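I would like the entire structure built from these sequences, with the hints used as guidance.
Protein sequence lines correspond, in order, to chains A, B and C.
Residues in the first sequence are numbered consecutively from 1, following this note's numbering.
Residues in the second sequence are numbered consecutively from 744, following this note's numbering.
Residues in the third sequence are numbered consecutively from 874, following this note's numbering.
It should be emphasised that the hints constitute simulated quantities derived from the structure, not laboratory data.
Check each hint, because a few of them may be wrong.
Below, a list of computed lysine to aspartate or glutamate pairs in the EDC-like style, where the Cα atoms sit at most 16 Å apart [claimed, not checked]:
| hint | chain 1 | residue 1 | chain 2 | residue 2 |
| --- | --- | --- | --- | --- |
| 1 | A | K707 | A | D361 |
| 2 | A | K286 | A | E176 |
| 3 | B | K865 | A | E492 |
| 4 | A | K279 | A | E309 |
| 5 | A | K355 | C | E1026 |
| 6 | A | K355 | A | E660 |
| 7 | A | K338 | C | E1026 |
| 8 | B | K865 | A | E176 |
| 9 | B | K865 | A | D647 |
| 10 | A | K577 | A | E377 |
| 11 | A | K338 | C | D1018 |
| 12 | B | K865 | A | E660 |
| 13 | C | K928 | C | D978 |
| 14 | A | K536 | A | E492 |
| 15 | C | K984 | C | D927 |
| 16 | C | K932 | C | E899 |
| 17 | A | K466 | A | D436 |
| 18 | C | K936 | C | D974 |
Some chain B residues close to chain A (C-beta under 7 Å, calculated; not the full set) [what the hints assert, rightly or not]:
| hint | residue |
| --- | --- |
| 19 | F863 |
| 20 | Y868 |
| 21 | N871 |
Quantities reported herein were computed from a predicted structural model and do not represent experimental measurements.
Beta carbons are placed, not taken as given, at the ideal position from N, Cα and C, and that holds for glycine.
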Amino acid sequence: MGLGLLASRALRSSRIFTSPVSRNAIVRTIVSTPELQNPEASAAAQSPPEDLPIRTPVAGARVEFTNPDDAIEVFVDGYPVKIPKGMTVLQACELAGVDIPRFCYHSRLSIAGNCRMCLVEVEKSPKPVASCAMPALPGMKIKTDTPIAKKAREGVMEFLLMNHPLDCPICDQGGECDLQDQSMAFGSDRGRFTEMKRSVVDKNLGPLVKTVMTRCIQCTRCVRFATEVAGVQDLGMLGRGSGEEIGTYVEKLMTSELSGNVIDICPVGALTSKPFAFKARNWELKGTESIDVTDAVGSNIRIDSRGPEVMRILPRLNEDINEEWISDKTRFFYDGLKRQRLNDPMIRGADGRFKAVSWRDALAVVAEVIHQVKPEEIVGVAGQLSDAESMMALKDFLNKMGSNNIWCEGNGMHPNADLRSGYLLNNGISGLEKADVFLLVGTQPRVEAAMVNARIRKTVRETHAKVGYIGPPTDFNYDYQHLGTGPQTLTEIAEGRHPFYSALSNAKNPVIIVGAGIFERNDKDAIFSVVETIAKKGNIIRPDWNGLNVLLLNAAQAASLDLGLVPESEHSIESAKFVYLMGADDVSLEKVPSDAFVVYQGHHGDQSVYRANVILPAAAFTEKEGTYVNAEGCAQQTLPAVPTVGDARDDWKIIRALSEVAGVRLPYDTLGAIRNRIRTVAPNLLHMDERQPATFSALLKPESGNKTSSTPFGTAVENFYMTNSITRASKIMAQCTAMLLKK
Amino acid sequence: MSFRGVKVPANSASLEEARTRVFDFFRSACRSIPTIMEIYNLEDVVSPSQLRTSIASQIRNHSHITNPKVIDMLLFKGLEELNNVVEHAKQRHHIIGQYVVGRGGLVQDLGMKDQGASNFLKNFYDSNYF
Amino acid sequence: MASVLKGALKSIRERGLGNFLRELREEGYLSCLADGNLLQTKIHNIGATLVGVDKFGNKYYEKLGETQYGRHRWVEYALKDRYNASQVPAEWHGWLHFITDHTGDELLMLKPKRYGVEHKENLSGEGDEYIYHSKGHSLNPGQRDWTRYRAWEPTKP
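This is how it looks when you write it as structure tokens:
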């Protein structure tokens, strides 16, 4: 959009200039605007326009002046624009509504200034300047559509295209390629290069990123991304001149959980998605704005689908949650949606084999069995991918059946659902940037929530915040202190005996992040009370700063605790006669008695189906509308991108239908009606895309008298790439596990 | 065998004449049933008597009509339809859909099971999208 | 005619009557009693030169000189009871129809090894299992599967 505007503007101005000159321009040179031969004269001829049409900043760019004294005024094409000191010329132009073409500049990465595409003319400067690297100075007069600037861009584009192969028809970036777009807008209509093009050997970066290095224009965005955001020093620049190339120096795979993002930031087709290679063109795809459910971060994603297939997943910009990155798991697990799907209701016969039946029969069998057992023997477990609506329906249904043993897997048997601050990331993900000391208790954010880890890394990189870590030895991509492995270290800090205590108490904005893996421990309450002691002593919970955070693991956890999915008794599953698993694959089913009747409602044949007596096929998150609450308490919605497979139904519809067959009809028939019901239980789930912070801090909780055990903290996520039923079905994730996790 | 030459005479003078014409039409339709069975391969789905019943019921649907002009119009439509069927202008699934299965659809006998069920449940059994 | 009889008597003498009769049957001399086409071909063959035999066993004859131009090349099909023109492979087609003077054996040298496909005769009328069905056809055994997902198999452990 912005580029198109600028291009049309450039065309318009060129038309004005062409008319007088074209009369004497007999020999047509490579420069499409012949008056560029004499830039000084044409620049002098241009007088500042009298009445300026209003320009709006590019892409809603805004600026906040923290200190009004710092504001300086520059002129972009004659428009005065106020910017804070320290901004670059390019940012000033963006604020003035001029989109400057660029390849190497990326707002979230450091400035390299090596592509030279953003050259603009600055008055009293002898040469065009690279606007991305030039700080704006007071009173600077920037000209973006003068003949000099145009000629500079044309020349740069010609150099860039010199060694760029002409394989757009077979390039996966085709249609969304910056070089393609900008050469249409700013490039020359012919090239003068007649020699052989350079070719570069492709690099093997692993199963996710496909490289065609001949297409590389050496913008070094990927190198900067890898070192700055992903925190791996894998990529680098080798050679000089036309021998310059991006590489790993020694042949090695890119072992970062964020490596997929280099596909997005690569302006050309040098780095493309390997699983998506030659699968579809971007203009064939239908984009659906949705939410990622593979972890508790709830990254904003766009699901690109073609017909009934999810073709790829891309990040969506959300400054508060994932900025514009997503983890590799989020980006590449989509092929799991096409494998191991449950597509028909099935009943296990007397011979132990499953038989596909109609929904009528399946629901009738379940309804009959659920009436034969005692209410207290009914147990319901929601899986880690369940949406809030279906969990509400499940809870209402089982409550109507007389049972109150419903919980969500991963929350443990004594979840603290009373105080929202007890299970949320109270600072918010973006709030972590203000912190100066981190204490990670039993959590490995790099594998549990890669986007939160990226935020911590950003903070550490920018403010040199200290990070202390208690837990099993693990891999961080920033500097950290390994304080200990178990609760003893935590007790030492609480008693002030540990050296880290002083760092914590001297910090301005200290942050403690407790991993949700602790929920499964028996001494969970004791650990939390120790952590709260530290919080009290270190003045971590203040009215303006609640630095005591819990980092959840699964997408469904926060919503389930908001809805109060708390089991009534601890050992309910050991005496259960009827177990309703709503996509719960990580619940341990060994304890379920062998005569219990297990109903599995879900979308993948994963771990629990093999114990199930009845299988009810449900929709995956790409196929249904559902509300998910992320770790920081922000309710977000998924939208259906593709139709359900086979005879599957939405989760809440299955429970609603089952309730009617069982004779306890739930009073809602639409999603809207369920949301009205949710409003009475947890109204915060209806405030979409808005973080609802906890109102009370966890300090109101009475201290528990339990003792902490000396068992060291465990790892909550063994394999980053395989955490739920969809990722376990995914071939790409299996490849990643095999290739990237081997040590 | 074509009915192309068959023409409906201008108008029936009386109800009595219209009535005899209807019977004539029914007879000619019944006579063409074996041909229809053969060209559309209907042996395994339907018997001639069922088809006869189906035609008769279509005629009985209009039994209340007493206006000879309307009867003539309906007869013409019926003749046209019969002509199309006999000329193989239709396909097998048309015949099955219109005269064998009928308007109720294939699952008409299941209606009894869902008696008392809410619209939600009936829709649920049909598809996920409602 | 006399030479034909002489040749027949000679082969009876050399190989015995039983072998001669078997050969008669295999070469289609018996079926040509009922099949005029074949009989005419057999008569035509007398004195003609055998130019080549393709891998299906079809024999290609040529007789220059007293034959009418345009009838001087012909084929005797390998199958004596069920033969048709589609049994002539591509390499011999040109020779047989006077498109080229190169025989099929010579043209076979030009056939691409990597992607050249086997000649298949037209089997229309021989039954559904023999004739070609496109990949979307329900009778194609390798019918393309258009479902975009793989269902879970309940039979696995």
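Hint check results:
1. A/K707 x A/D361: violated (51 Å)
2. A/K286 x A/E176: Distance of about 14 Å is within 16 Å: holds.
3. B/K865 x A/E492: Violated, at about 63 Å.
4. A/K279 x A/E309: holds (11 Å)
5. A/K355 x C/E1026: holds (11 Å)
6. A/K355 x A/E660: It is violated: about 24 Å lies between the C-alpha atoms, which goes past 16 Å.
7. A/K338 x C/E1026: holds (13 Å)
8. B/K865 x A/E176: violated (46 Å)
9. B/K865 x A/D647: holds (15 Å)
10. A/K577 x A/E377: holds (5 Å)
11. A/K338 x C/D1018: holds (14 Å)
12. B/K865 x A/E660: holds (11 Å)
13. C/K928 x C/D978: Distance ~10 Å between C/K928 and C/D978 Cα, so the pair holds.
14. A/K536 x A/E492: Answer holds: A/K536 to A/E492 is near 15 Å, not above 16 Å.
15. C/K984 x C/D927: holds (14 Å)
16. C/K932 x C/E899: holds (14 Å)
17. A/K466 x A/D436: Roughly 6 Å between the alpha carbons, so the hint for A/K466 and A/D436 holds.
18. C/K936 x C/D974: Answer holds: C/K936 to C/D974 is near 14 Å, not above 16 Å.
19. F863: Holds, about 5 Å.
20. Y868: For B/Y868, the interface hint holds, since the closest Cβ of chain A sits about 5 Å away, which is under 7 Å.
21. N871: holds (5 Å)
In terms of the numbered hints stated before, the structure departs from hints 1, 3, 6 and 8, listed from lowest to highest.
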